[in-house]
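Each chain is listed here by its residues.
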Amino acid sequence: MGLREYVIRRVIYMFLLVVAVVCFNFFLFRLPTLILGVSPVDLMISEELRRNLTRDALEQLYLRFGLVPEPDIFDWIYMFWRYIVNMFTGNFGISFVTQKPVIDEIMERLPNTLLLMGTSSIVAIIIGIWTGVRVAAEPGSRKDVGAVTLALFIYSLPIFWLGMMLLMIFAFYLPALTNGLISFPLFGTINYDNFALVTNNPLGGLIAAADILHHLFLPMITLGVGGYGGYFLYMRNNLIDVMTEDYILTARAKGLDENQVLYKHGLKNAMLPMVTIIAMTFGFIINGATLTETVFTWYGLGRYIFDSLIILDYPVVQAIFMIIAITAILANFIADLLYGVLDPRIKYG
Amino acid sequence: MSQYESDKKTGGWKDSNLYVSLSGFWHEYRKHKIGILGLAILGLYIGMAIGAPFLATHDPSPTAKVAPHFLAPQWMAFFDPQGVITNEYYPDPFLYEEPNFVTQGPNKDEFSYSHFVAEEAGERNYVNLTWTHNAEPMYWRTPYDIEGNLPDSLDFVYFTRNFTWPFNNIPSDVNMTLEYGVTLTGDFATQEAGGIMFRVYMWLIDSSGNWRRVYQSSAPYTPTLQDRRIDLNYFDVNEAFGGMVQDENGVQEDPDDTLTVAVGLAPTRYFRNYLNTHPEDFYTGSVTVQVTEVSLIAYGEYFGILGTTDKGADAWSQLVYGSRISLYIGILATALSTIVGVIVGLVAGYFGGRTDEILMRLVDFLLVIPGLPLMMVLAAFLGPSVENIIVVIAILGWTGTSRIVRSQVMAEKNKAYVESARAIGASDTYIILRHVLPNVTPILFANITLGVVGAILSESGLAFLGLTDPSQPSWGRMLADAQGTGGFYNGAWWVVVFPGLMITLLSLAFTFVGHTLDQVLNPRLRER
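As you go down the protein sequences, you meet chains W and H in turn. Our numbering applies: residue 1 is where the first sequence begins, and numbers increase by one. Our numbering applies: residue 350 is where the second sequence begins, and numbers increase by one.
Calculated from the structure, these hints are not laboratory results. Note that this is a predicted model, so its numbers are computed, not measured. Among these hints, one or two may not hold up.
As the list claims (entries may be wrong) - Listed next, the in silico DSSO-like pairs over lysine-lysine satisfying Cα-Cα at most 27 angstroms (straight line):
#: 1; chain 1: W; residue 1: K264; chain 2: W; residue 2: K254
#: 2; chain 1: W; residue 1: K268; chain 2: W; residue 2: K143
#: 3; chain 1: W; residue 1: K264; chain 2: W; residue 2: K100
#: 4; chain 1: H; residue 1: K380; chain 2: W; residue 2: K143
#: 5; chain 1: H; residue 1: K457; chain 2: W; residue 2: K143
#: 6; chain 1: W; residue 1: K268; chain 2: W; residue 2: K254
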């Protein structure tokens, strides 16, 4: 079986997986309606208003959210059909709360989340791989044991707590101790007090960018540290494994110096599985980081999922679920393809 | 280097009998320092979870207010020796020891007292103050004490306990509790005005001998024991404690730092003249006051072992009880997900074909669903009970286990011993349980331990978002409370640091044990 056939098969499989996720979402977010008979419209309008509305007006209201009042089995089938059509035509509906299209709400927050998750992942990956390689050259050394212990410690750390600690130290105690010389913002993504400064200044864009980076620093460090442990351990273990392979022995026998063996022969092979991990990381990147975003009140998707869930704003949550699942599936696919391209030993089939 | 070489030489003990393999395992395990450290920490936590009722000093409920909010831990008073520590200062609130009894006045024979110590469970210690009156005049204070600090009669009974006030400061607030019941007989019970002929008093007496009345009772009375909670006003606190504060010359008003609490029973002026009658001349009967609790709580900036939370609850007790929830959820959720993962992995790997295909597609499906968001959705829909949280965490936890088990089973099932077992007619169940499963278990141990870490962290995350039971003390919820109420904006760093430290240390212990198990049991993984 060649590459083409493999790709076609994978694409069909991906499509089925997306369909499965879409169906799963439909039932997941209608569980309260199915089990308890509560519809989100009930939360919007009072009992009194409901009695005063005509049947027609009520149906129109429900229809706006793709719902039917007091649904029977046929209504469910109809709702399911409408939902499927909407999802595959990219119509995610409107938010129950803000009455704005869900896609607009998501796009508003997406850049913030991409910025936060992107920078922190890149930092974690680069430092993780770098230290992993450094340590794998001499497994069992004091340096190695120390680094592994540190990575295990990070693995056990509740990341949101790390965020709280950093926030407390760098945004509360340090500014007080240094008289505001070193100071980081306590909350938010951008400082709205600077609005006039930013709009009335020719360099306003730069000021805004600097302000966002200032706000970005602490959550980025938090997530970077949180991700670092995993990349480090994975890289180290891979490389130590690779270094026991026969071709490394051959390379050494050829008389190559240890650095060349490590970086040219070892690292290249050990990086292959890392590609999958990195691709998967970027697949889940729009997932955001609910806990860290909550700690730093970062205006991103992770916090948006949670806030919408708490006020039962289902269209938002189901749309984000759908988007995350599709990105994850795509990332998985790309990772597999990349793996094949990078490693000629892989045969498709 | 030695650590890695030793693993390779230890194939032998895995194949022998249980005792040999256990001691061989231990011999290998104890070489890893972090493994031992992990076990030690784990032991401490389990001890804490079991001993929680003994270790906790207060009600562990997050909403049980015991003091003002965000009080600092007691040991921080080390830097501030005069800072008042919030505590119970009455030496014996439940009256185990016999207090000092005093009867006074020319008619002191009318008064008696007794002290009773509980001997059986369900009984309570109490002090009885009794006044038995036979129609005859009492001796009255003339004129009456205008401020009302002293009773109207010179004849009365009281009991006292004293304590030393260790600080050179006035407490920010003082709450006192007096629990008592009153039994009346004779005219005191039958006459309409019987209830206003006497009063129960509580006084604070400083070492200069100034009496400050902080409580006086009023009718009606019942024999049932009832709590009287008394919040001392500013003047009471100042009067009673102010004399013990040194001025800048180191001189204080009162001779020493002793404060006396007195509880007494005395006739009122109505007993002398009530609507132009003289009850003292015709009343016959008795009044018995049964006191079961006297307490004095002084509030300051410091409280308990770890201070108080945003709701004024004791942080230490919550921290101690939090270990129960974390261990319980961590272990049970992992057990559940391991059972599911092992069954799915065994079935998929052993039978292969279509079964394998379907199960692995299910795993693929779960892997593309975002983890924490799904847990949030399920926790919000199912409700916050502990069982639901366990299920929610386990739903996503089994996929990794099932993949590991499946790949191991696929490697094992074509080996010769499985073939031969099948050849002599062993059933699938027998082969899975007797041959395949035992070969897969070592792989699982490390996986299980690391799974507990994930479950503990998930639980704390869900609790941090407020999706767990709000009445259960848990570390994640303590952090949520600290975050939601601006714990450190109020300078209360202890509500942020300690719960997080507890989570970190517990999961670190499991991580260390899991890492060590991985090194001891699965050297094959590294050799590949």
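Verification of the hints:
| no. | hint | verdict |
| --- | --- | --- |
| 1 | W:K264 / W:K254 | holds (13 angstroms) |
| 2 | W:K268 / W:K143 | holds (23 angstroms) |
| 3 | W:K264 / W:K100 | violated (54 angstroms) |
| 4 | H:K380 / W:K143 | holds (19 angstroms) |
| 5 | H:K457 / W:K143 | violated (84 angstroms) |
| 6 | W:K268 / W:K254 | holds (18 angstroms) |
Checked against the numbered hints listed earlier, the structure breaks hints 3, 5; every other hint is satisfied.
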